Amino acid sequence: MNFRHAKTFLLGAIALCFLVSLFENQINSYWLFISYDIGVNIILAVSLNLINGYTGQFSLGHAGFMAVGAYTAAVITNQFGELNFFAANGVFIVALVAGGLAAAIAGLLVGIPTLRLRGDYLAIVTLGFGEIIRVIFQNMQSVGGARGYSVTHNYTNFFWTFGLAAVTVYVVTSLVHSTYGRGFIAVRDDEIAAEATGINPTKYKVTAFVIGAFFAGIAGGLYAHSKQFLTPDGFGFMQSIAFVVMVILGGMGNTIGVILAAILLTLLPEGLRALADIEHIPGIAQEFPLSWVGNARMVIYSLLLIVLMLTRPQGLFTLRKLKIKN
Amino acid sequence: MTEFLQQLINGLALGSILALIALGYTMVYGILRFINFAHGDIFMLGAFAGFYLTPKIAAIFPTPSILSGLLVMGISMAICAALGIVIERFAYRPLRRSPRLTVLITAIGVSLFLEYAGQLFFGAAPKKFPALIPSYPITHVGGLSVTSNQIIVFIVTALLLVGLRFIVQKTKIGTAMRALAFNPDAAALMGINTDVVISFTFALGSALAAAAGILFAVNYPAIDPLMGILPGLKAFVAAVLGGIGNLPGAALGGIIIGVTETLVAGYISSTYRDAIAFGILILILLVKPSGLLGKKEIEKV
Amino acid sequence: MKIWRGQFVAGAAVLLLAGCNKPSGESAANSDVIKVGEFASLTGSEATFGQSSHKGTQLAIDDLNAAGGVLGKKFQLLTEDDQSQAGQPATVVRKLISSDGVVAILGEVASSRSLEAAPICQENKIPMISPASTNPKVTEVGDYIFRVCFIDPFQGTVMANFARKTLKLQNAAVLVESSSDYSVGLAKFFKQRFIADGGKIVAEENYSHGDKDFSAQLTAIKAANPDGIFVPGYYTEVGLIALQARQLGITVPLFGGDGWESSALVPIGGKALEGCYFSTHFSPDSTAPEVRNFVKEFEAKYHETPDAMAALGYDSAMILADAMKRAGTTDGPKVRDALAAAKDFSGVTGKITIDANRNASKPAVILEIKNGQFKYVETVAP
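Residue numbers (this note's numbering), protein chains in the order written: chain A, 1 to 326; chain B, 327 to 627; chain C, 628 to 1009.
Just so you know, not all the hints are guaranteed correct.
[Claimed, not checked] Straight line, CA to CA, 30 Å or less: simulated DSBU-like cross-link-like pairs of lysine-lysine:
| id | chain 1 | residue 1 | chain 2 | residue 2 |
| --- | --- | --- | --- | --- |
| 1 | C | Lys923 | B | Lys454 |
| 2 | A | Lys203 | B | Lys614 |
| 3 | B | Lys454 | C | Lys701 |
| 4 | C | Lys700 | B | Lys453 |
| 5 | B | Lys454 | C | Lys997 |
| 6 | B | Lys382 | C | Lys898 |
| 7 | C | Lys701 | C | Lys1002 |
| 8 | C | Lys970 | B | Lys454 |
| 9 | B | Lys453 | C | Lys928 |
| 10 | C | Lys818 | C | Lys928 |
| 11 | B | Lys454 | C | Lys928 |
| 12 | C | Lys898 | B | Lys453 |
| 13 | B | Lys453 | C | Lys752 |
| 14 | C | Lys970 | B | Lys382 |
| 15 | C | Lys700 | C | Lys1002 |
| 16 | C | Lys700 | C | Lys898 |
| 17 | C | Lys997 | C | Lys978 |
Note that these hints are calculated values from the structure, not bench results.
Because the structure is a prediction, the values reported are computed rather than measured.
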């Protein structure tokens, strides 16, 4: 990896994002916000990839970390009224980082107790933690509980979303390809062998969780300031599954694949929606009762999931074959 | 005191149903080392099978009656057993040698498919489950109330447990199941047809889930396509609590979860009811991952 | 480096897509249909309510079109499913407004999802009418946001008064669905009023949407010995709650709000619901011609009896059409003004007057369940 060029590319990508965000008003609002969703999902998928893909820890509670980041960032920015351009962006980045740190602490709290667990058990426990986080927010009246929490400012824009996505990709990739990072992969491939060669699996597993959670928290903050309304239900098991599917589709440990999968899976529901739009053409509408297409969308999604796992479990974008357990 | 005993009875009834579902989870995990996420939805399908069957059976044997109840339950169990075999054959068998996460996601896909297809075909609104079994006047003994339906739950669960134990311990296929659970490769080498045994396991587990679905629907007569999610999750926790792969453990786990949850909801706060199951899960996995009755698995290098 | 190429490709692709869709400059006024957007939970955990309100809305649009439409144009209803999921309403409402060019938005039943979409409608000056969101905050978002249903303070107070004065209850227990802000809000205002009227709340328990077993909560409530139990939840759980309450030996009446209203309530709850009460918008056995007509048409089209959500969905579309007619245009600000001025609009859910806070001011009707039917008891004016 040529790191000198990596930094240039990073800065270049960030500059590009800044330029684009200046022209935001020209872009159709629907697609613009879809692009925010894409950016947020890229951050979530790449950060989860660090935990699931590179370190081999099945985490099904990623949405919980996202929730912690989202609420934290929202609470912070809600303290302020209208601010000028520089102050607003300053507050925003501080709020995002704070959200990330809060999520990182959550990651620590989840990572440490789950160290001894493997495979399915770990998956279920992380699912459990994710749900517990959701239930906590549901009962936290100070952030609205089940009634939801309004986020005053819509600070999220193209620059922040994709700029931070670029940063996430940079950090995760650099980390994994460094000497330190070899430890993650060693833990994933064979934990006992890794321990035997002097690598401390605990350290790597916890690090993976903490870093993964940190970026998930940042993604949560971006999400909060894009949707402008948070409910605990939006951070449940289904969300976590969606992110895991992105990692699997992309190919565990394959960063580009994961990015492409995140983009694909964010656009897929919209694509299916466009398909459903066919019946908006007068004349066809009466023949197709609406719930058919509406319901069928999710049925298609779940079938797609099954078919994908059966046919290309190594992910859509990976060229190497999946390791077969013996 | 009366209140406590009442809560206990409520918890036991709930726990029995959870136990039946948990058995299916634990059997599949014991043999395949895989959590069948779609199991809770088989439970739901059992209830719906009963819903659609009852009018047809009632045409021949009028409901409510014990006979029609048995018939409906029997046929629902058969339908779900067949469904279980089909799902295993097409969704899980091809992935038998794949990493665990792949199968997990597939199971989740199957679960989602059953739920959304259910909403599509059955409609999302809750349906009234017909009166299948005669409901006798409620017994009020010293302020306590036990419904005849709850008693039916206890009896049927006990009978099914006994039946299951018989199958697993005393029949040839049961022995084959235990052999597979112990060491799949050795079992195959001994001439056991792995595919048949696994299919049978799924069929058995699904049948139990269907029975649980009917019992549940009889006691809580509002069924909807998403009704299997929470009981499925709690039953899974029950299976882990008891020691995954361990049959009596699953039953015990179910009872414990049912009672604990009811007591907590009644005495402490019902808001955290759902979190209880997860809390127990995390606790048991941290303290004794092999479960209450399970044996510690040595990890081979 | 491959990763950066990937990012660039991704960014470029998204920009291309985004650029391709310029904001719809030509407004719907030039075309020959009036495009109205609807977002509802057609799938997911709250599908039963979303499907219900959608059916009502669709029926209204069909009725309007059969009568020739409004301002010489027919309506085109563009419905989007938000899957009962947070994050979806923002996306679909943006799509409806920016890509599909609708002139008004109808939706949603759940207050949290209405709250997510409302700022977007407000920002784009598109009138939004919620059929059934009861959280007061929804219409507070801005002057383009309206609703045709009660808000919690009113309904909670109605039931509290009824409980104290008509049923003469002294001690009440409350069983709330804590995951629903409708239920939480209703309970809050009920308690406030009940205590202010001299009553006492002896027990308060909660449950979650989708729960089937309430024996734990009911046993605790029974031990507190209330004269009545307020259950401000949805029919999906109330039926079972009533059943289990009677099984446990609780004989006091249960009462609740318009979430009870559904043809599925009595089949599930059966005899357990005899002598129970709830407040709602309309009485299915009302003799008003609009209601009779609506019920007949609904049953003919969908083969089921309409519930409160369907009726409200119907009214939300009808009042929108009425406002457009009065405004003489589909232009956002003018329709908003016409809506704000709506007075004594004859809806199937009663005579609706939009008050200064853009909420529906209309009388509540209290029904009793007698012999398996909903029987009218009294009307409470706002």
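Right, here's what the structure says about each hint:
1. Our distance criterion of 30 Å between C-alpha atoms is met by lysine 923 (chain C) and lysine 454 (chain B), whose separation comes to about 24 Å.
2. Of the supplied pair hints, the one linking lysine 203 (chain A) and lysine 614 (chain B) holds, its CA atoms being roughly 23 Å apart against a limit of 30 Å.
3. Restraint check for lysine 454 (chain B) and lysine 701 (chain C): the C-alpha separation of about 39 Å exceeds 30 Å, so the hint is violated.
4. Restraint check for lysine 700 (chain C) and lysine 453 (chain B): not satisfied, since their Cα atoms lie roughly 40 Å apart, outside the 30 Å limit.
5. About 19 Å separates the Cα atoms of lysine 454 (chain B) and lysine 997 (chain C), which keeps this hinted pair within 30 Å; it holds.
6. Only pairs whose Cα atoms come within 30 Å are accepted, and lysine 382 (chain B) paired with lysine 898 (chain C) is accepted, the gap being roughly 25 Å.
7. Our distance criterion of 30 Å between C-alpha atoms is broken by lysine 701 (chain C) and lysine 1002 (chain C), whose separation comes to about 38 Å.
8. In summary, the hint linking lysine 970 (chain C) to lysine 454 (chain B) is not supported, as the alpha carbons are separated by about 40 Å, beyond the 30 Å threshold.
9. Proposed proximity of lysine 453 (chain B) and lysine 928 (chain C) is supported: the alpha carbons are some 20 Å apart, at most 30 Å.
10. Of the pairs offered as hints, the one joining lysine 818 (chain C) and lysine 928 (chain C) is violated, with about 40 Å between alpha carbons and a cut-off of 30 Å exceeded.
11. Under the criterion of a C-alpha separation no larger than 30 Å, the hint pairing lysine 454 (chain B) with lysine 928 (chain C) is consistent with the structure, at around 22 Å.
12. For a cut-off of 30 Å, the pair hint linking lysine 898 (chain C) to lysine 453 (chain B) stands: about 17 Å separates their Cα positions.
13. With a C-alpha separation of about 41 Å, the suggested pair lysine 453 (chain B) and lysine 752 (chain C) falls outside the 30 Å cut-off, and the hint is violated.
14. Restraint check: the Cα-Cα separation between lysine 970 (chain C) and lysine 382 (chain B) comes to about 52 Å, which exceeds 30 Å; the hinted pair is violated.
15. For the proposed pair lysine 700 (chain C) and lysine 1002 (chain C), the alpha carbon gap of about 41 Å is over 30 Å, so the pair is violated.
16. The hinted pair formed by lysine 700 (chain C) and lysine 898 (chain C) fails the criterion: a straight-line CA distance of about 49 Å is larger than 30 Å.
17. A C-alpha spacing of about 26 Å is found between lysine 997 (chain C) and lysine 978 (chain C), which places the hinted pair at or below 30 Å, so the restraint holds.
The structure is inconsistent with the numbered hints 3, 4, 7, 8, 10, 13, 14, 15 and 16, although it conforms to all the rest.
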